[in-house]
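Q: The residues making up each chain are set out below.
4 protein chains.
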Amino acid sequence: MIDDHLVKRFIEVRRYTESICSKLEIEDFVVQPVPEVSPPKWHLAHTTWFLEELIINKFQINYDFHDNVFRKLFNSYYKGLGEHWLQSARGQLSRPTVKEIYTYREIITQKILELMSHQKNNYELEQIIELAINHEEQHIELLYMDIKFILGANPSLPAYDEMILPAIANATSRWEFFSEGLYEIGADSAKNFYYDNEAPKHKIFLRPYAIRTTLVTNGEYLEFIESNGYEIPTLWLSKGLDWVKNNNIKSPLYWFKEDGLWYEFTLHGKQLLDKSAPVTHVSYFEAEAYARWKDLRLPTEGEFEIYSLSKKNLKKTSTFLHPESVNTLDSQLWCWTQSSYSPYPGYRPFAGAVGEYNGKFMCNQFVLKGGCFATPSGHYRNTYRNFYEPHQRWMFSGIVLAKDLI
Amino acid sequence: MIDDHLVKRFIEVRRYTESICSKLEIEDFVVQPVPEVSPPKWHLAHTTWFLEELIINKFQINYDFHDNVFRKLFNSYYKGLGEHWLQSARGQLSRPTVKEIYTYREIITQKILELMSHQKNNYELEQIIELAINHEEQHIELLYMDIKFILGANPSLPAYDEMILPAIANATSRWEFFSEGLYEIGADSAKNFYYDNEAPKHKIFLRPYAIRTTLVTNGEYLEFIESNGYEIPTLWLSKGLDWVKNNNIKSPLYWFKEDGLWYEFTLHGKQLLDKSAPVTHVSYFEAEAYARWKDLRLPTEGEFEIYSLSKKNLKKTSTFLHPESVNTLDSQLWCWTQSSYSPYPGYRPFAGAVGEYNGKFMCNQFVLKGGCFATPSGHYRNTYRNFYEPHQRWMFSGIVLAKDLI
Amino acid sequence: MIDDHLVKRFIEVRRYTESICSKLEIEDFVVQPVPEVSPPKWHLAHTTWFLEELIINKFQINYDFHDNVFRKLFNSYYKGLGEHWLQSARGQLSRPTVKEIYTYREIITQKILELMSHQKNNYELEQIIELAINHEEQHIELLYMDIKFILGANPSLPAYDEMILPAIANATSRWEFFSEGLYEIGADSAKNFYYDNEAPKHKIFLRPYAIRTTLVTNGEYLEFIESNGYEIPTLWLSKGLDWVKNNNIKSPLYWFKEDGLWYEFTLHGKQLLDKSAPVTHVSYFEAEAYARWKDLRLPTEGEFEIYSLSKKNLKKTSTFLHPESVNTLDSQLWCWTQSSYSPYPGYRPFAGAVGEYNGKFMCNQFVLKGGCFATPSGHYRNTYRNFYEPHQRWMFSGIVLAKDLI
Amino acid sequence: MIDDHLVKRFIEVRRYTESICSKLEIEDFVVQPVPEVSPPKWHLAHTTWFLEELIINKFQINYDFHDNVFRKLFNSYYKGLGEHWLQSARGQLSRPTVKEIYTYREIITQKILELMSHQKNNYELEQIIELAINHEEQHIELLYMDIKFILGANPSLPAYDEMILPAIANATSRWEFFSEGLYEIGADSAKNFYYDNEAPKHKIFLRPYAIRTTLVTNGEYLEFIESNGYEIPTLWLSKGLDWVKNNNIKSPLYWFKEDGLWYEFTLHGKQLLDKSAPVTHVSYFEAEAYARWKDLRLPTEGEFEIYSLSKKNLKKTSTFLHPESVNTLDSQLWCWTQSSYSPYPGYRPFAGAVGEYNGKFMCNQFVLKGGCFATPSGHYRNTYRNFYEPHQRWMFSGIVLAKDLI
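Chains as they are written, first to last, in my numbering: chain A, -10 to 395; chain B, -10 to 395; chain C, -10 to 395; chain D, -10 to 395.
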């Protein structure tokens, strides 16, 4: 029999996904305002497809799929598993309905539970269930991101959650110093799950550096805007400047000005901009330009990992669906690093179809570290490597600053 | 007091729209698979916005709008009435919900009824109500077109209506001859409603011509396909050939081949292609190329109008949501003409904001005549000028053939 | 033997083309700043290809082509004659060099002269030589258009011709009136050449109308600009407004403002805008919006033809490469009409490969009448139908106004 | 007085550029077949602009520029120096002519020589002259790349140089092994010039690895093609697969098949593919997919640098304008590495306007090491970091293979 704890976690993650969606109107499940944002009903179905395609179909002989059309519709990008629906066309589908997808979810969840109850000490099954749980945890965070974008695309700016956000306390910035030397980063635990891209554990040589312990605040970022930071070409990477010009970027995503006051749209609705809160929904281009404007820089992923390791652990402290503190170790926002998302030395992708999970994206993306308020609790790791393209900013990203000491 | 008949017709058209939508799932109301197809909930709201903006706001002093955001969201393209939401972004909106839109409809319908009951012999109000009824009738046909496209974009190809389509009887083609001379086309009735683009009634000189009394059938069109019509460049207009190549066009919209057999998707679901039924969902480019291949041509709008006038009246005979006959005077399908959509000599747009209704589209479109099975019964007129761009084909278009007699 | 006059005209048109190019630098022959503008060396080669492909290859058995690559490179769009190089990629070719193309021209010109001297009373040859002369005359005008665009794309704004433009005399506007009735337009001469699209001669019925005898001037058009004509949405066709917005159009092509003064680039270099001169390089959208702003309209092609027939003949009076008068019958500028470019009733394309010359472009274009200063003298005809897309304006277009009399 | 050697090198590099262009026709100087390829006349002018803008204007008070329009036209991308002409529009300019640009070159070259002869021990001037020489050396290689593309875009495939390429001797592959440890890479010489992006010298920790001492050959790459490598999705990075599909990539750039035989276009004209020669003009995507197909990988930039340092020095051995050997240390082709182009730890851009030279491109590019046959002799360095986007392949790129030893 499979470990009870795993069964419990599996059930929890499935229910968590559904509970997030329970606050939505049917219409919110369907739209795809931009290609990178998926309709919530697609997430509900895709996390189920993952179970059916990669687990049930593997462990059950002559398995008869729930619906053959779903195999194509809800495959995200696994070329090894056949044709898949075009990502940018997910919002063109009115069918299957939300109800039909919930039925699909329930049937497949039950099949997995049966499978788990019938298999004894099946290490391979445990491994893939563990991966599936982590996969669904990633989609939980994506759901929050996508729901925010979908609601924010409506001129009425409906709140996802009606709770009122508290004001953020002012924080004092402090620099944490690290001396030159060989350090070790990456994952190798025999016990705990990690993605293939976090391994192997390996040595890196760092020069002396410092990291600021607080995230850049809205107030600090506003100074950059008010100093015409977006209009000074020499602050920007070349591609960043093109992005700013072509998209007429003038502030972080979700910011807007009304009658001379700055607001931001949050999952708790429209809010007056809190200057003490950390700035979020910035692209790599913006984070990097801001750091250059301050005559500082972003940390590398190694520097951030050593910093967080030095504190023992990242921890989650938010109770709202918005950052509540500027402390970088409180896992409020994903911190942009200046590291391109590349394979670690000695990197080996997962075996089989899930080999496409991470490795094939190691191109033109940057690493973010630390986790955010929307990350499920079980999903924080010092070794975690999140990654996005440098222009993307619908995820819960923030800015942490670093500097050289020589 | 306003004419009872008008009140009745107003109520009927409002209910008709809603009854069409009653067969949809909530999800079907929301999506916009391509920019030219609008979400059904947008039609429900826009036909209501038309009433609120152009009637209630005009006849009621200091009118307080139902929702100021709706004024922008549901304005289609009336620049004279302020900003409007981008047409291609209608499918990005999850809110207002379908339910909220139905509430909006009901409130505005009632306000109009009140207005009608309180105004005596208000000719201006009658006129604009008449226009609003006709406007909603146009959207009824658009709803059928858009619903078909939205359902057809789902790989599961759900039927809108489960009734089973009958086979079409074979028809014999016949040519109707017309001699050279001065004819009169266009509308000028003092009694019956017509759009500004149908007037004024005016003389045209026609050379001797003939029109074939039956629509081109699927079977006939199949011969064109099987003779490689799509691959013979000299059959096509220059822009038509670009369209064929760039979009890899190989058959009418909704046709597909499975295991060697041709099918078409209809509002009654997937159907084996009926060779005796008229071909539909062809673009002007396809209609024109087909006619050239037959060494014939499309009629001009004047020729078609004289032909239909000679028979007294178009009539509607379909009982299904698909053509049931190939008789061109049975109003099965809109017939492409070779006439560009241009102002009639002496054309004057409607006065006021509705001046944007027709005139500003008189560029790069072609006229279609005759009406189709999805056209509401009150909406047939010999003088009617429908118009689409030459590449469009999601409307219920068909092909009628003409020839010169000298 | 072929008519001596034809030989003489053939030689003249060949030399004319070359004389136009004699003022260019080699570099000017090569570039293609926008897809619709062809490099001058392409015109030199294409007009030669036309002779080689459509005449020499037809009348000479087993003809061995000068260079097989040229058959593809210099075919403009004749699908019936095999593959052709993409129009928008003409400026990607550095080879063949200008010198090689002149050699090609000379060889083919001589071959044609030999052919003409050896064939007696060959009507078919005469016909196609006549067409080739007319074809090259069209390219002469295109050369002026394209050279202007190419030179104007350089920030240094080099003049093509150094002659100084004279000031234009003020002209008085007058309206010419025409009564209702049946008129006849189109070509049918047994003697004189005309394109297939000008035939057959046919009757049209016109309502009473008037045409203004002078072209709209720069001064008049400036009033439209200064009244914010480009910003008033209701003046524009729907597609026209999109074009204005997407391309940030604020004035006719080649106009620019420096230190508060308006200039226009001409083939005689940069000129202070002459308010008495006719406005040129306007699109159909601009011409149509201007007319609407004046509460007038553009004439139909029939109306313009009847007007010019009433004066007997168009005549060419310019001595410069820019309009010198506002008289519409002086053939200063091509006059936009509101007529879509459609087949005349009874239209039959030329037989054979040249059937692609005109007919396949009868879609989404508008007719211009009258000729311009750059049109070769032999190329004026009352029946002539020039045509361009409604957004195009690099040709020498102008605005003539009409109005209804009932 | 400035060092005579520097004067000599300055004169040499200026003459070198011009000698490359001496084999071109005027037409070859003008075209820009794709946005990334600049017209040769632009290179001639831009390398001169660099001298005028960054040296003469700095060291000469109240300097009066040769032509103010050139300041904008020939600024590549230095935002700190004012507006610049759009890169993709360089091929739209017929003026200034090639002759005018040569005059500009000569005048500016002389001004620099005068400046050098009048300044004594001006270290700052020496530094910027050194940079200018290196800058022009980079453009020398770009000229070869761009000339190849421009000539290759003509269907006649003209040779740049008529010399006949020798056959390449077969080579035996060998692996060079490196053990785990701390290594040092990067530049810090007080004596020799290096770009800011090569510094500072810094420590890196490497795991045991091996590098293959020969470049992948055409024959080896052909096996990948013939094994359908381009059609196997799991071999490709996600963005790489999109690139392959969207551009219909089936072989390296310049390869083509005729009558069953593979050819490649070279600067020495069309050549039958030499299977023993190194494959070139491959993108990062292709290099990376090839390595994966072989179950190997590309080296990191650090691994390559340590490998080349172990051999003392890269050396240039080609006498043709095409690779003549597969030995990676013969600097035949730039070797793709798997390293993203990122700042070295402690990176500081050059001061002043030339701070835009390298740093702002550190995004979405990959590093290539080693140099190629077209690189000027003075331009080889073990520390050199060349960089291109992963889809680019018009540079002289090749594939070197690496593997992990644990």
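If you are wondering where the hints come from, they were derived from the structure by calculation, not from laboratory data. All figures in this text were calculated on a predicted structure; none of them were measured in a lab. Treat the hints with caution; some may be incorrect.
Repeated chains share a single entry, so a pair holds when one copy, or any two copies, can fit it.
As the list claims (entries may be wrong) - Computed cross-link-like contacts, DSSO-like style, restricted to lysine-lysine with a CA-CA straight-line distance of at most 27 angstroms:
id: 1; residue 1: 234; residue 2: 246
id: 2; residue 1: 239; residue 2: 259
id: 3; residue 1: 301; residue 2: 234
id: 4; residue 1: 228; residue 2: 61
id: 5; residue 1: 192; residue 2: 392
id: 6; residue 1: 246; residue 2: 392
id: 7; residue 1: 283; residue 2: 61
id: 8; residue 1: 283; residue 2: 239
id: 9; residue 1: 234; residue 2: 300
Q: Does each hint hold? Answer for all of them.
A: Hint-by-hint comparison with the structure:
In this homomeric assembly, residue 234 and residue 246 come within 27 angstroms of each other (Cα to Cα) both inside a single copy, at 19 angstroms, and across copies, at 25 angstroms. For a Cα distance limit of 27 angstroms, the shortest separation of residue 239 from residue 259 inside one copy, 19 angstroms, qualifies, whereas the shortest one across copies, 38 angstroms, does not. In this assembly of identical chains, the alpha carbons of residue 301 and residue 234 never lie at most 27 angstroms apart, being 42 angstroms within a copy and 46 angstroms across copies at closest. Proximity of residue 228 and residue 61 under a CA criterion of 27 angstroms is satisfied inter-copy only: 20 angstroms between copies versus 35 angstroms inside one chain copy.
Taking identical chains as interchangeable, the C-alpha atoms of residue 192 and residue 392 lie at most 27 angstroms apart whether they share a chain (21 angstroms) or sit on different chains (18 angstroms). In this homomeric assembly, residue 246 and residue 392 never come within 27 angstroms of each other (Cα to Cα): the closest approach is 33 angstroms inside a single copy and 49 angstroms across copies. For a Cα distance limit of 27 angstroms, the shortest separation of residue 283 from residue 61 qualifies neither inside one copy, at 48 angstroms, nor across copies, at 30 angstroms. In this assembly of identical chains, the alpha carbons of residue 283 and residue 239 lie at most 27 angstroms apart only when taken from the same copy (18 angstroms versus 41 angstroms across copies).
With identical chains, the CA atoms of residue 234 and residue 300 are never at most 27 angstroms apart, being 40 angstroms at best within one copy and 47 angstroms at best between copies.
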